[in-house]
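Student: Residue numbers (this note's numbering), protein chains in the order written: chain W, 1 to 269; chain S, 270 to 763; chain R, 764 to 1084.
Fair warning: there could be bad hints in the mix.
[Claimed, not checked] Which residues of chain W face chain R? A partial, calculated answer using Cβ under 8 Å:
1) L89
2) L111
3) A113
4) P115
5) V171
6) V174
7) F177
8) L212
9) V240
[Said to hold, decoys possible] The calculated label-pair distances, taken between Cβ atoms and stated as ranges, are:
10) S:R539 - R:V1055: 45 to 55 Å
11) S:E707 - R:R770: 37 to 47 Å
12) W:R158 - S:S660: 55 to 65 Å
13) W:R234 - R:P935: 51 to 61 Å
14) S:A342 - R:V1049: 38 to 48 Å
15) W:A16 - R:L780: 45 to 55 Å
[Stated by the list, open to error] Stretches of chain W that chain R covers, calculated by requiring three or more beta carbons in the stretch to come under 8 Å of a beta carbon on chain R:
16) 133-141
17) 196-208
These are computed hints drawn from the structure, not numbers from a lab.
For each residue, glycine too, the CB sits at the ideal point set by N, CA and C.
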Amino acid sequence: MIARRTALILAVMFLAAVALAALFPDALATHDPLRADVRSALEAPGAAHLFGTDQSGRDVFSRVVHGAGRSVGIGLLATLLAVAVGLVLGSLSGVAPRLLDSAAMRATDILLAFPEFLIALIVVAVLGPGPVNVAIAVTIAAVPVYIRLARTQTRTLRIAEHVEAARILGVGPVRTFTRHVAPAVLGSLSVLATIGIGSSILAAAGLSFLGLGPSEPAPEWGLMLSGGRNVLGRAWWISVFPGLAITLTVISATVIGRSLRARVEGRRA
Amino acid sequence: MTGVRLRGLRIEIDAQSVVDGVDLDVAPGECIAIVGESGAGKSLTARALLGMLPDGAHMTVDELRIDGTDAAALGENGWRGLRGRRIALVSQDALAALDPLRRIGREVAEPMEIHGLHRGRRDERVVQLLESVSLPEAEQRARSHPHELSGGMRQRALIASALAGDPAVLVADEATTALDATVQARILSLLRSIADQGRAVLFISHDFAAVRRVADRVLVMREGRIIEQGTVAEVMTSPREAYTRALIAASAATPRTQIGEAGEVLLQVRAVSKRFERPAVVEASFTLASGRTLGIVGESGSAKTTLARMLVGAERPDEGSLDWTRAQRVQLVHQNPLGAFDPRWTVGRSISEALQAAGIPGGGRRRAVVRLLSEVGLDEALAARRPRQLSGGQRQRAAIARALAADPQVLVLDEPVSALDPTVRARVLDLLSRLQVERQLTMVFVSHDLAVIAAVCDDVLVMRDGAIVEQGRVADVFTAPQHPFTRELVAAAL
Amino acid sequence: MRHALIRTAGIAASAVLVLWGAATLAFLAFRIIPGDAVSVMLGPQAKVSEAVKAGVRAELGLDRPPLEQYVSYVGGLLRGDLGTSYQLRMPVSEVIGRQLGPTLQLTVLALLIAILIALVVALLARRGLARAVVVTGELIVLSSPVFWIGIVLLAVFAFGLGWFPVAGTRSPATVVLPALTLALPVSALISQVLRDGIDEAERQPFAETVRSRGAGPARLVLRHSLRHGAAGALTLTAYLIGSLLGGAVLVETVFARPGLGRVTLTAIVDRDLPVVAGVIMLSAAVFVVVNVVVELLHPLIDPRLRVRPAAFEAPAIEERR
């Protein structure tokens, strides 16, 4: 239990730092992320450059800080949009006639069988590379999970005993929905979203790594990873630190999401 | 002496004593029963005999001999040699107690595999065992899976698997509790015959009626101690302790003393039918008179809940009609009070919602909630708790309070006391009687338990497979049943 | 028997529907993207006359009415003809077929390693410190981008310790790090589900029955709980295969290996739409095959999913008491 508590606190602290980096990068960064200085190229991490420098002499730490906004921003944006779309489509399907609902769910299930990254890759394949397309792709890839959850929750709750009990007691249909069904659905989706942000961040980073997202010299974590790949033997820090940033961000989001879920389920169960 | 010899069993969980000095003797050929309510420690005692206490439980014992072997200081390896071979367990609900992914035959054969018995002849032995517990078409059943058999057949298979290692001692922990009355009677006979064949049988239950059919001696357990023991005849005819008397009374059928005066006919049900994937209710016709309590009794699958829901308006019949003479306020107390409350809300808030739906304005609601809670005998502090935090009995009372918020004239109760311990049950039934008089309610009481129906209802409908096979006054139907099914029910229960 | 036939027919119909849907989606997508396909293909910089563009269009059959194109495309698919690559002027099936081998090698090896790791971990690290370590490890592995895992492994084991070659496909040793990289996230997923399934199974009443027969923990897990856990893990199969496919693209890039990853990436960047469509169709086909196999396997593992005509008294739906 203590371990879980500690993990949660660390996760919140880390995400706070990331948020800070995303909103006020200049406050945290030590150098100009785009400033190239070939004389200090490929310097190992040290006092002058916390995370070292890359092939063009740019400070890796500052680039990581500046990349937070882009990398996390996409994850957040995609998730928010996906939750909104999923909620609407899912609840509609949950109250729709059986046949329509079954068809919609079959389609959603097929999409759900694919990992988010794969769907995003296919969307980018169709739309073409580019940062905007990556954002669109990651959003589309995130939607099916929320549709599924919203629909399942809506359907289950509509026929749930306590919902029916409220109706028998005389509570009107609209009131029953807003008081008993909607809050529970929203609650479940929010919990899933905190865990889902991680998947979106990973998908976006993956696409950037492949060179399908923003192009040089933009500081984007996935892109930086791919940039450091070729000099891995000589300068491991160029790839490792951005990757570490991604990993820690996703871990933090997941830990917070899981603890939220435990709390909600404890109250629900 | 073989069988079980236990002296001075003490069990502690988290430094709390839950079993405090239990002595027990079970000889081969006899069936000893331990009776008590939940929390009495009877299941723990049974598990102690198998060395299967839950994590965190500590046991000390002065003497423990199982089939001649000293088990007092056995380690886990030693216990594994005993379990299944010298002492075996039959628990409740074979659907959950048998591995649903394995065939019955494999489950029955497992003790033989574990202890290396009957090599090369196991398949034969399995069929023999299944036949010995009167499972028809034993060879085919051995190849089936648990979910393909009915409840009674599954329980027999579970018993067969317990006997596979030829144990000297059989511990049956609530082995018949989850079964329908008619099936229960047959399994009890089976257990009796197992004892008669020379094994030592320990029968754990909360139901004195079941104990009467199967045991020679009975021990009454309460809060970790044996408070009374003797032969079944002695204890049941002249119990010494008040608690024992209460337990016996709770499982016997005491016919209803005050019969409400038959008022006007409130509802006329004509040939009502409903089907889901299969027919549920089939052409049911009856009348409901004000001031009386109508019981609907039947086994699982008889569609009594569906019928009850139709009375409340939660289901609509496919055919036939429900003609109410006047608009009535009808409310329902659900079978599962835990499911019927929004788990995220406090009890007080749920009741308040019911009041709001009934038209009580905001200001008076808090007071009304307190009043309703006290009417059902609950402290107002419970209004701030969530359903999960209440005991079974408290939840049931809260559900009744909520149903009363709408000030109904007719109250339909679906199995309101089935999941409760006998003494709690008695108190809730008393509450319902009181409420009926005070509020002049007409009640409809759905249950599978004839004893409860007999104690509470004036009239009764006997349902089977969706059809009403017999109806009339409780006194008439239960003392002189006409339909063969009713006869079977009455014979099994009373 | 009749029921089994209906079920098989249903699965077959589903499969056909999915494949057809994928084909239509692929076709539609290319027709609705903004811009003329030829211009997109040639790139914005290309200064080519309209006549040449028209010629290319005619050559690629892009000037025929859309419906005709659709029919010929689907017809081609049925014959196994995936069209011709714009850039490479080769049949798409050949482009894909050549690179399929290395990718298949990598993914199959990765899957095997993943299953092995998952089984060992789920069966052995069930309690205490071992479990805590494993659970944390799973969290880290699943939160890390798979390409980063690859890079870290490369940095440590290839560049750092020199145990494995850095790139290429010359020796069998070159496939170890890539396969391991790909296997790690997949094994984390499998072991999570397996462990949850086993734990859940052992909380059920039947676990008590098995112990009461004198069984030890080994027997309980191996003969009972594992099957329950596996049933749960089976439902994940399609997702896992998808993970492997997506991961393969990333891993092949990290380790500079030939394979479908390189083909797909090149096609995406060059806007070689037929090849992209071909890869999408391949994914759809794999998905369908995997799903069919899983649907057929599932009732074998969980007999409750088999619906046989009731040979004995059909049990009524028991109310919970």
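Student: Between the beta carbons of A342 (chain S) and V1049 (chain R), is the distance compatible with 38 to 48 Å?
Tutor: Violated - the Cβ-Cβ distance for A342 (chain S) and V1049 (chain R), about 60 Å, lies outside 38 to 48 Å.
Student: I want to verify a distance hint. Is the separation of the beta carbons of A16 (chain W) and L780 (chain R) within 45 to 55 Å?
Tutor: holds, 48 Å
Student: Using the beta carbons of R234 (chain W) and P935 (chain R), state whether their distance is inside 51 to 61 Å or not.
Tutor: Hint violated: Cβ distance 27 Å, outside 51 to 61 Å.
Student: Verify the interface restraint on F177 (chain W): the C-beta must sit less than 8 Å from at least one C-beta of chain R.
Tutor: violated, 27 Å
Student: Range hint 55 to 65 Å: satisfied by the CB atoms of R158 (chain W) and S660 (chain S)?
Tutor: violated, 30 Å
Student: Was the hint right that L89 (chain W) lines chain R, CB cutoff 8 Å?
Tutor: violated, 18 Å
Student: Starting from the hint 37 to 47 Å, judge whether the C-beta atoms of E707 (chain S) and R770 (chain R) obey it.
Tutor: violated, 58 Å
Student: Could you say whether the range 45 to 55 Å given as a hint is met by the Cβ separation of R539 (chain S) and V1055 (chain R)?
Tutor: Since R539 (chain S) and V1055 (chain R) have Cβ atoms about 52 Å apart, the given range 45 to 55 Å holds.
Student: Take the segment 133-141 of chain W, compare each residue's beta carbon with every beta carbon of chain R, and decide whether three or more fall closer than 8 Å.
Tutor: Per the Cβ count (0), the hint is violated.
Student: At least three residues with a C-beta closer than 8 Å to a C-beta of chain R: is that true for the segment 196-208 of chain W?
Tutor: holds (count 4)
Student: At a threshold of 8 Å, is the proposed contact between V171 (chain W) and chain R supported by beta-carbon distances?
Tutor: Interface hint status for V171 (chain W): violated (26 Å vs cutoff 8 Å).
Student: Is the interface hint satisfied for V240 (chain W)? The criterion is a beta-carbon contact with chain R at less than 8 Å.
Tutor: It holds, given that the least Cβ distance between V240 (chain W) and chain R is near 7 Å, below 8 Å.
Hint compliance for this structure: hints 1, 2, 5, 6, 7, 11, 12, 13, 14 and 16 are broken, all remaining hints hold.
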